[in-house]
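Q: So you can see what is in the structure, the chains are spelled out below.
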Amino acid sequence: MLYLLDLIGVVVFALSGALIAREKRYDLFGGLVLAVATAIGGGTFRDLCLGRTPLFWTQDEWYLGLASLTAVISLLAFRLWPSDSAISSHWARALLIADAIGLAVFTAIGTHIGIQAGLSPLMAAVMGMVSGCFGGVLRDVLAAREPLIFQRDIYATAALLGALCWLLIEPITSVDLATLCAISVTAGLRLLAIQRNWHLPTYHDDR
Amino acid sequence: MLYLLDLIGVVVFALSGALIAREKRYDLFGGLVLAVATAIGGGTFRDLCLGRTPLFWTQDEWYLGLASLTAVISLLAFRLWPSDSAISSHWARALLIADAIGLAVFTAIGTHIGIQAGLSPLMAAVMGMVSGCFGGVLRDVLAAREPLIFQRDIYATAALLGALCWLLIEPITSVDLATLCAISVTAGLRLLAIQRNWHLPTYHDDR
Amino acid sequence: MLYLLDLIGVVVFALSGALIAREKRYDLFGGLVLAVATAIGGGTFRDLCLGRTPLFWTQDEWYLGLASLTAVISLLAFRLWPSDSAISSHWARALLIADAIGLAVFTAIGTHIGIQAGLSPLMAAVMGMVSGCFGGVLRDVLAAREPLIFQRDIYATAALLGALCWLLIEPITSVDLATLCAISVTAGLRLLAIQRNWHLPTYHDDR
Numbered sequence: 002m003l004y005l006l007d008l009i010g011v012v013v014f015a016l017s018g019a020l021i022a023r024e025k026r027y028d029l030f031g032g033l034v035l036a037v038a039t040a041i042g043g044g045t046f047r048d049l050c051l052g053r054t055p056l057f058w059t060q061d062e063w064y065l066g067l068a069s070l071t072a073v074i075s076l077l078a079f080r081l082w083p084s085d086s087a088i089s090s091h092w093a094r095a096l097l098i099a100d101a102i103g104l105a106v107f108t109a110i111g112t113h114i115g116i117q118a119g120l121s122p123l124m125a126a127v128m129g130m131v132s133g134c135f136g137g138v139l140r141d142v143l144a145a146r147e148p149l150i151f152q153r154d155i156y157a158t159a160a161l162l163g164a165l166c167w168l169l170i171e172p173i174t175s176v177d178l179a180t181l182c183a184i185s186v187t188a189g190l191r192l193l194a195i196q197r198n199w200h201l202p203t204y205h206d207d208r
Numbered sequence: 002m003l004y005l006l007d008l009i010g011v012v013v014f015a016l017s018g019a020l021i022a023r024e025k026r027y028d029l030f031g032g033l034v035l036a037v038a039t040a041i042g043g044g045t046f047r048d049l050c051l052g053r054t055p056l057f058w059t060q061d062e063w064y065l066g067l068a069s070l071t072a073v074i075s076l077l078a079f080r081l082w083p084s085d086s087a088i089s090s091h092w093a094r095a096l097l098i099a100d101a102i103g104l105a106v107f108t109a110i111g112t113h114i115g116i117q118a119g120l121s122p123l124m125a126a127v128m129g130m131v132s133g134c135f136g137g138v139l140r141d142v143l144a145a146r147e148p149l150i151f152q153r154d155i156y157a158t159a160a161l162l163g164a165l166c167w168l169l170i171e172p173i174t175s176v177d178l179a180t181l182c183a184i185s186v187t188a189g190l191r192l193l194a195i196q197r198n199w200h201l202p203t204y205h206d207d208r
Numbered sequence: 002m003l004y005l006l007d008l009i010g011v012v013v014f015a016l017s018g019a020l021i022a023r024e025k026r027y028d029l030f031g032g033l034v035l036a037v038a039t040a041i042g043g044g045t046f047r048d049l050c051l052g053r054t055p056l057f058w059t060q061d062e063w064y065l066g067l068a069s070l071t072a073v074i075s076l077l078a079f080r081l082w083p084s085d086s087a088i089s090s091h092w093a094r095a096l097l098i099a100d101a102i103g104l105a106v107f108t109a110i111g112t113h114i115g116i117q118a119g120l121s122p123l124m125a126a127v128m129g130m131v132s133g134c135f136g137g138v139l140r141d142v143l144a145a146r147e148p149l150i151f152q153r154d155i156y157a158t159a160a161l162l163g164a165l166c167w168l169l170i171e172p173i174t175s176v177d178l179a180t181l182c183a184i185s186v187t188a189g190l191r192l193l194a195i196q197r198n199w200h201l202p203t204y205h206d207d208r
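Residue numbers (the numbering used here), protein chains in the order written: chain A, 2 to 208; chain B, 2 to 208; chain C, 2 to 208.
Hints were generated in silico from the structure; no laboratory data involved.
Hints may contain errors.
One copy or any two copies: either way a pair holds, since identical chains are not told apart in the list.
Claimed, not checked - Below, simulated SDA-like cross-link-like pairs (lysine to any residue); rule was C-alpha separation at most 20 Å, straight line:
| id | residue 1 | residue 2 |
| --- | --- | --- |
| 1 | Lys25 | Ala95 |
| 2 | Lys25 | Arg146 |
| 3 | Lys25 | Ile155 |
| 4 | Lys25 | Leu201 |
| 5 | Lys25 | Thr174 |
| 6 | Lys25 | Leu97 |
| 7 | Lys25 | Glu147 |
| 8 | Lys25 | Gln196 |
| 9 | Lys25 | Ser185 |
| 10 | Lys25 | Pro122 |
| 11 | Lys25 | His200 |
| 12 | Lys25 | Leu181 |
| 13 | Lys25 | Ala145 |
| 14 | Lys25 | Pro172 |
| 15 | Lys25 | Leu178 |
| 16 | Lys25 | Phe79 |
| 17 | Lys25 | Gly52 |
| 18 | Lys25 | Leu49 |
| 19 | Lys25 | Leu123 |
| 20 | Lys25 | Val142 |
| 21 | Lys25 | Trp92 |
| 22 | Lys25 | Thr54 |
| 23 | Lys25 | Gly66 |
| 24 | Lys25 | Ser90 |
Owing to the predicted nature of the structure, the values given are computational and were not obtained by experimental measurement.
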């Protein structure tokens, strides 16, 4: 089940990369790079930190394959549908939702792998949060865009709370249940924060 | 012969870094960083993914040495020659050519190393393409410049076709011949695409 | 003593990250990410190059803990003090000083670790310089800011001279003394260069 979830995370994050490629009017290869970097960036960073090499995506072609396929199908879809301004705000919302699901899935998986690698629970939660966030940060840096994580919304906070939720539930029940709960918490919080316009305090007094 | 080609790739990619340092009016150390990052970035990424540590350039001083020397000599050369606008377009072309040769050399070497590390042929081609492209992407990100790879030109496509060419030729003939063919295909395609103004389809309908 | 110095480096670099988060008006989590990335970026890069995994900060919670604490305390401090323009130039100077101390500390430690990992002296100096500079470069790239290292000031040069100083003094005396001397040389040179407005030659003739 974890493997399946991992592939779902790959597809939604690849989609978020493709949506930004569309926004930035990149070509197919730019879109492929952005989709793949978003999809495998978090797991790559996690495994490099833990010394798990050769990396998972060099050993299993489904990761790059699915991410590339998502980028190609997105390009076709974007060209089929017109892009007047009403649709545009639709795509912007699709980007935020795909990003939230990818964040939630990769955070839960990253926390699990951190515990398996013998990290302390707190550090496993941090590793989960980093796995979840890194792909999106990489995507935004590559596209020369202000990273979503640096905007005032609840973002990494949602990932951290999901990871803590995993750590609380897993010892009592099972890995699968903990993963589902953690995903619901992270994605739910992130989407609620977007809808309700919840923010974190800033470094600068706004009065 | 592969080692020699590797060093040639280092010099041309270092030169492309120095040309961007000139464009951005960086100082000598900025130029050194950009030259070195471009020259060893692709190989560093490749070896981190495959778990080949400590990295090649920490064990052999020729890599950093040649890249630094290229940066220093370029700085002297740029200061000797005046920079009126006619010359400027000359330098812009030099950048595209140096970048194309570096891309071709590192793609061929990366594909070879991928096969040696036991990757599947398809994944070895991807690894070769990534090795070839990553240095230039890193250079452009560090210099806060829109990455060449994200522009509409044929770029990573040329690398991928070169890598596939290596995989087709190597089993029939030898590593050396496959490498030369792959380099010719990648560099040739990339330069033709620049000259003929070939593009990939974009994510956005241009009508 | 090295461990203590390492933690001091973490705090000052985290502070430099928080100061940039303030300048960019990021929220608390943006500030945390920037503080942590600056504080552990150099050591992470160094250990990835040398294959020292799992990384130090996944095994010892003081690193992330101290960096996060610095980011939180800075946010509180920034909100308590008003930010009229006179204070602003004060904070800009604080950023340059924190950055110089972090650069000096991590360069000395990186050189030591390079020698321990069996690198040649020259390569250990380069590794020290890279450890010192990388955190700040990462911080500036994440904040979409022109990296300090690419500005015309003496920056990496100060790190390199500090590293060379460590290599000269350590065989004659002790690791501790060499580290203190190297830190003084790097931080002293960097601060002098800022105060006296020393620059490196550029790639572009300014006449």
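Q: Any hints this thing doesn't respect? Which numbers, in order?
A: 5, 8, 9, 10, 12, 14, 15, 17, 18, 19, 22 and 23
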